[in-house]
Amino acid sequence: MASNYTNYLTYREALESGSTTAVNEVKSFLTEIESQKHLNAFLETFDETALAQAEVVDQKIKQGTAGKLAGMVIGLKDNLCYKDHSVSVSSKILTHFKSLFSGTAVERLLAEDAIIIGRLNCDEFAMGSSNEKSAFGPVLNPVDTTRVPGGSSGGSAVAVAANLCHASLGTDTGGSVRQPASFTGTVGLKPTYGRISRWGLIAYASSLDQIGPFTKAVQDSALLLEVMAGGDEFDTTSSQKPVDAYASAKSEGPKKVAVLRDALESEGLSPAVKARFIEIIEKLKAKGHQVEVVDFNLLNQMVPTYYVVSNAEASSNLSRFDGIHYGYRSEQATDIESTYVKSRTEGFGTEVKRRIMMGTFVLSTGYYDAYFAKAQKVRRLIQDKTKAIFQDYDFVLTPTTPHAAFKLGHNSDDPVAMYLEDIFTVHANLAGNPAISLPLGTNEEGMPFGIQLMAPFFGEKELFGFSEEMMKL
Amino acid sequence: MDKAVRDKYTVVIGLEIHAQLNTNSKAFSSDSNQYGSTPNSNVSPISLGHPGTLPRLNEKSIEFGIKLGIACNSDITEYNEFSRKNYFYADLPKGYQITQFDTPICTGGHVPIRLSNGETKNIGLTRIHIEEDSGKSIHDIDPFNSLVDLNRAGVPLLEIVTEPEIASEEEAYEYLSEVRKLVRYLDICDGNMEEGSMRCDANISVMLNGAKEFGEKVEVKNMNSIRNVKRAISFEINRQIELCEKNVEILSETRGFDAPNGSTIQMRGKEGVNDYRFFPEPDLLPYVVTEAKIETIKAEMPMLPNELLAVYTNKYGLSEYDALNIIEIKEIGTYYNQIVSLTSNYKGAANWIMGTIKSHLNKFGITIAEFSVTPQHIAEILLLIDTHKISNSSASKKLFPALLKSPEKTATQLAESLDLIQNSDSDDLAGVIDEIFTKFPGETGRIKGGEMKLIGFFMGQIMKASGGKADPKMTNKLLMQKIKS
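These protein sequence lines are chains A and B, in that order. When the letters of the first sequence are read in order and numbered with the numbering used here, they come out as residues 9 to 481. When the letters of the second sequence are read in order and numbered with the numbering used here, they come out as residues 6 to 490.
Excised from the complex, chain B in its bound form (with noise of 0.2 Å):
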């Protein structure tokens, strides 16, 4: 599209987010909330909703609620009701969902994210809302039936819903990126929008600049991933300001993405609407929040996301980037900060994370869990480089590599017993450049006269001498120094 034209309109998005808790038990039953189990193995007459059973709070799914609200400076809600959301489907076996209307545990709020320019936006959140999950009706395996497994029905969500804030789809990215980091880093949820443990929803209109009125909302479903979020949002905007731009009317209606044509088609129209008859859920009491909760579970809070950038660049003088990507996995984040529980050499640590430890991770396409050199080795590996008892290279060369295949060994060990301590006795050094020096007359008339791109030649000369073993920077001083006299 023409950027002069999109720049005419503004856009408006909203998103819901369906966060998938990791809790060990379902939201209203003892049933296990086991991903990727047998299908209808984790059901008891509560999630097959048999006549007869009623439901039970699993009280982790509030504490879980209560940690995302924190996070996000929310107010945490005292009384709690629940509330049942009326309608038909094959996955939803009691006919009606479990959710929270009127009290959801957490109002208000925001996520801060980062826009190009380096500024940062805090997008503003309505609410956060507890609910159980439906059933998975299955469609493209029985060629005449549809299947439905019931082991997600009853899984504890939350519903993230922002404000109508978020201007354009790389915010909706970041967005979606910073919860998703949130969520980890809480440990409430595992954030895989591919498995659709992290589901959202889209609420787009656009509008003429300075206009006092929204225009139509479309929503949009079916995003797997975040990358296709922004993608159907990119379309949906492109969509509605082309029809905008042709005076077409734009339809309030429900439209899904379609990834391998990265377009929207529609879904349902306004008239499809459901009437949820909401009412207060007769067979739950409800849920009390104390303020003694509230502070047990801030004391259990781990640092979190824009807490550790601040540290990282603050305290440990890392670049804004280098400590956003030590961030952005969480584990990642975990493993570096207990290697700098035991350096104090954080720049280095981070190095050592982004180059050869990423690359690593890249070249095997395995997680850091699955990464058996330990933070103690790469916090020794540090020491060692540190006092000039190997060099990086060698470490990142020799040692590392021997740590992947013998990470029961220490650092120490294997460096001594691949013989990589290195030389850096100055004497013994200086015979070596002597005898280099007597080794190469010419080279070493030229060097002495000045010519000095020569001394990459003398350093490696002196390097293989020395089998490798020779400290580099006290090589390097002393060369200079013999060149000189």
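Same shape as in the complex, but just chain A (with noise of 0.2 Å):
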């Protein structure tokens, strides 16, 4: 089963009917992560743990007590809290830190008999588009280990490519979820801003930041989602809005689809990429949707408002990195000014500096009206006007990335041009809107890319429904 995974349902029918049992998935997947080692795609698996949690599952089985998603084996991205296992979001500062608690997301899967098989790899505090700047290690994309898996949820993405688990959780900030997925072929979901608690999500940027799952298939990520949603005493943030039914989500007649001009007429567009693109509109139309090109005229505003407003953030949310309490302590460290500049300084890698110092600068005396207020505004004026698209509009369709995976090493001297990787996914962060990337093109090299679907503000159910239908063009 492990390898020929299509669907949780069908997985589940293949449990209760003795066909596979839990144990041996764990099992199945334990040897093919060995095997796909190379991948990098797990920093460490928790073997003892999941087998244990199978065993349960297998019973549960049998007595027809099992949660909805029982025996499901997800994978955990570095940056999600997991009661007494380590977490790192592949820093050298957490070396040896074990999370006292788990995340609201991870305590809900784990109710409904998920299995969690071990953390995965990640650009270094989910700062990257690439997946190359974790500290330990490059993720490689299985599909052609030359290129990256994108980022930063690189692991995530490959795990579920590769067929190293059946789902697994990333996080997606500026598109961290979404990108990986068209990189790897692979369903991303970015929820809407406050859906899942952020409870047990080390944070990047608070504001942006929210965790999503990645499947092989739509009807999975809308059932991993109905289990995670859901207001959360612990996150206040999160929103107390019921859950919908996402996993029975059906797309109902006709809709009304915005295509933003900007990114039809995008400069860095692939030809694939628009091609492909191109044909999905028209087949849209075809099926008797209606598809219009409207202005936004903020794509170029999108990704300056977007590391102006993430560094800021997260200048102060790893502040808590110190040396001091937990984590990486540098031994040369010989008074409290030295423990900060030295674990800092030895602890954080290059991208993760350049993004604090960039967020310290912008929220510094004389400068905080010309960046971190200015960005504020701006960002405003994104969700004002993409609130008032969705007015006319069910959905907003454009690519998820300009073009399909580029080869390691590509963009690494260049920050500016990894930035430019996110332009089409910061829009729904920003905003606060979900949006999904699914796997509907392949380029003349046969690598995946995806097209991506955003929705009004919890319009996930319809979301899903709407992408079921896309799944068919």
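Since the hints were derived computationally from the structure, they do not count as laboratory data. Hints may be right or wrong, so weigh each one.
As the list claims (entries may be wrong) - Capping the alpha-carbon separation at 25 Å, the derived lysine-lysine pairs in PhoX-like fashion look like this:
no.: 1; chain 1: B; residue 1: K90; chain 2: A; residue 2: K361
no.: 2; chain 1: A; residue 1: K350; chain 2: B; residue 2: K90
no.: 3; chain 1: B; residue 1: K414; chain 2: B; residue 2: K368
no.: 4; chain 1: A; residue 1: K350; chain 2: B; residue 2: K141
no.: 5; chain 1: B; residue 1: K352; chain 2: B; residue 2: K402
no.: 6; chain 1: B; residue 1: K8; chain 2: B; residue 2: K217
no.: 7; chain 1: A; residue 1: K100; chain 2: A; residue 2: K361
no.: 8; chain 1: A; residue 1: K382; chain 2: A; residue 2: K395
no.: 9; chain 1: A; residue 1: K382; chain 2: B; residue 2: K90
no.: 10; chain 1: B; residue 1: K90; chain 2: A; residue 2: K385
no.: 11; chain 1: B; residue 1: K474; chain 2: B; residue 2: K402
Put the complex together from the two separate chains, hints included.
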């Protein structure tokens, strides 16, 4: 089952009928992870706890008391807290750190009998678009190992794409789920901000971060969201809105779909992506949907706004990693000042330091108004314009990424070029809307790429319904 | 300092008070806010600043802020945003403090203080805002390491900032005393400066009278009692005036108070100023204070010191001195209120508190909370005195000590068992007086002849003969009648 997994419902039937067991499933994944070690997707597998959970699940299946996700084997991005397990956000600075608690999303998965198999490599502190910025080495794209899997949740994307688990969790601050989903041919969701509690998600940029699943099938994504979503007293920014039955979502009637002119006419768009994107538009029209090109005119402001806001928040969120209370402390430290300076200098990677410094700068006296305050204003403009579009349209359609996965090392000397990888994805984070990347394209080199569908706030049910329809195009 | 020199200068002081709120749990977590717990025992991953944690607002800290705002006639802010104040320190596990920056819970308002000339002066408030406390760094236990106790990390504070309207160390003293009384009456902070639950920083400058610009401002910290605030300010004023007199420039700096020497010493200069990089806290939603919430809190407000003063002086007829004396300590004020809810002898109740009770408390060094005689007992004693059943002196000298020993008994029970119920029957008394006249014929002749200084002698003899039970007032009256007859 493990290697030819298609969706959870089919697998569940196999579990119920006894043609496979959760224990078998976990064991074969552990073997596969070992044999695919060169992909560098898993930082650690939780063999003992995963097998123990699997045994319990098999019992529950027999007794008919198994939860909604019984036996679903899930990998966690290495920024999600799982009680008594290591978590490092792929950074040296959290050396030897174990979490004292499980995050809400993880708790809810466990409560429905999902199995946590291990933690997945990512860009350090979720900062990156290629997964080359991990302190534990790059993750390779299983479709072509000379290429990146995207980031920052590269390990999570690869784990699903390479059949190392049934599903995985990533986090998406500016596209960190959708972009690697695009590069690996998986389904990647960024829910509405506040839909899934952030309790237990190690923050990069608090006002943008959301947990999101990687799956093979849209219905698995819906099922996972159904379980993880909902208000949480531990995260006051989580929404109390009732959770819809996402897994049973169906698309009904013709929809109005907006295509952003700036995306369609974007210079960086690769020919293969553009051609497929136009083809999809035509197919949607042919099926009776109304697809219109609308002007947005803020595409060029997206990435700068995103980097000012996210780095500002990150500079503060990452202050707690100071070498004093937990994690890495420099052996050269002699007093409090040198403990900070040396521990942070040695513990953080270059990209993290770059972003902390940038974030510190934009919040500094004398620069705050020019950068942070201005970015907040532009963000508000983006939110207002986005809301206005959703007054008239059900969805916004763009490519997820301008192109398919690039070669390892391709953007490594040019951080700005790397930042532009996020051009289509940061929109949903800045505005807070849900968005999904659907594996709908393959380029001339056989590399997959995704098409992104964005919906109004808390419009996940409609998003899933329409995604199912899109997957048939 | 020569008064003439000091009088050439105008002193400008602004105070910042940090009041630790006595909520059950911390400001942004459910960790206990219990003072004096074992170090690092009131700490969940939130207080520890562990990755993946998020703050959760304790609404009580907002309510406490509103209470103080109502008491100070401040404007209550409807839309409350929280901000992060970023700086590194070992006892600040998150690397930032959650505070209010652009939207303090209260703005404006004032605290009235009484000046030595009897006038009242309103000290204006700039703002009151909510923030979380840091942990505590301890440098004097381990000879090689600094220790950090995070029990205090996340404890809610109100920072109360005055306008630069305090003109002397005496005014600062009065202001702090008033604020301490207020937070205690509101039951939001225990106001204990020695334990650090109330802390004060002073910004002090001096300028020549009539000058248009304030002098360079110096911040003084580390004053752990109201008295030390006064001493520190006093020292700092003199220091600054002396520098001005010598035409030496005053540096804008932070100084610490050195209590043993009564002086201030430099802690850090201006160049050490942090850029705190305040920005809105993205982990907390803004808190909206509704009109209904304010009304609910208003309805629950206790009587405040100034309101009590008005009642005591206007309705109860106490002198301002007596009233202030009783109000000074909240628990004593409450005790008094309980007595006068049972008796209308307001003045008598006040006298008992300020006399017998206070001297007992002082003698044993205890607070009224540790005092076994109840307000009911005192009210009953007052009733016994007012109905001439016992004398004032036997009440305080005999009944009161007996009540201390047997607080489970009523005052009447004890008065009876001690045989203190006095004889107020005038026939009996008249008989006793006649007996004494017979016993001391010489003295009787002299007093009847007008030698009134002997009255004390006769009163004493009558009291002795009656076993102390004669009502002194009645005795005096009868004795006077008999002398003149």
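Pair hint K414/B and K368/B, alpha-carbon separation not exceeding 25 Å:
holds (23 Å)
Within 25 Å, alpha carbon to alpha carbon, are K474/B and K402/B?
holds (13 Å)
Going straight from one Cα to the other, do K100/A and K361/A come out at no more than 25 Å?
Holds. K100/A to K361/A sits at ~13 Å (cutoff 25 Å).
Just to be careful, I want the Cα atoms of K350/A and K141/B compared with a cutoff of 25 Å; is the pair within it?
The hint holds at about 24 Å.
Verify the proposed pairing of K90/B with K385/A, using a straight-line Cα cut of 25 Å.
Roughly 21 Å separates the two Cα atoms, so the pair holds.
Assess, step by step, whether the Cα of K8/B is no farther than 25 Å from the Cα of K217/B, and give holds or violated.
Holds: K8/B and K217/B sit about 23 Å apart, inside 25 Å.
Does the structure keep K382/A and K395/A at a Cα separation of 25 Å or less?
This hinted pair holds, its Cα atoms lying about 20 Å apart.
Distance restraint between K90/B and K361/A, which requires alpha-carbon spacing of 25 Å or less:
Satisfied, since the Cα-Cα distance of roughly 20 Å is no more than 25 Å.
Given the hinted pair K352/B and K402/B, is their Cα-Cα distance within 25 Å?
holds (20 Å)
Can the restraint linking K382/A and K90/B be considered satisfied, given a maximum Cα separation of 25 Å?
holds (20 Å)
So if I understand the rule, the pair passes when the alpha-carbon distance is 25 Å or less; does K350/A with K90/B pass?
holds (23 Å)
Of the numbered hints listed earlier, not one is contradicted by the structure.
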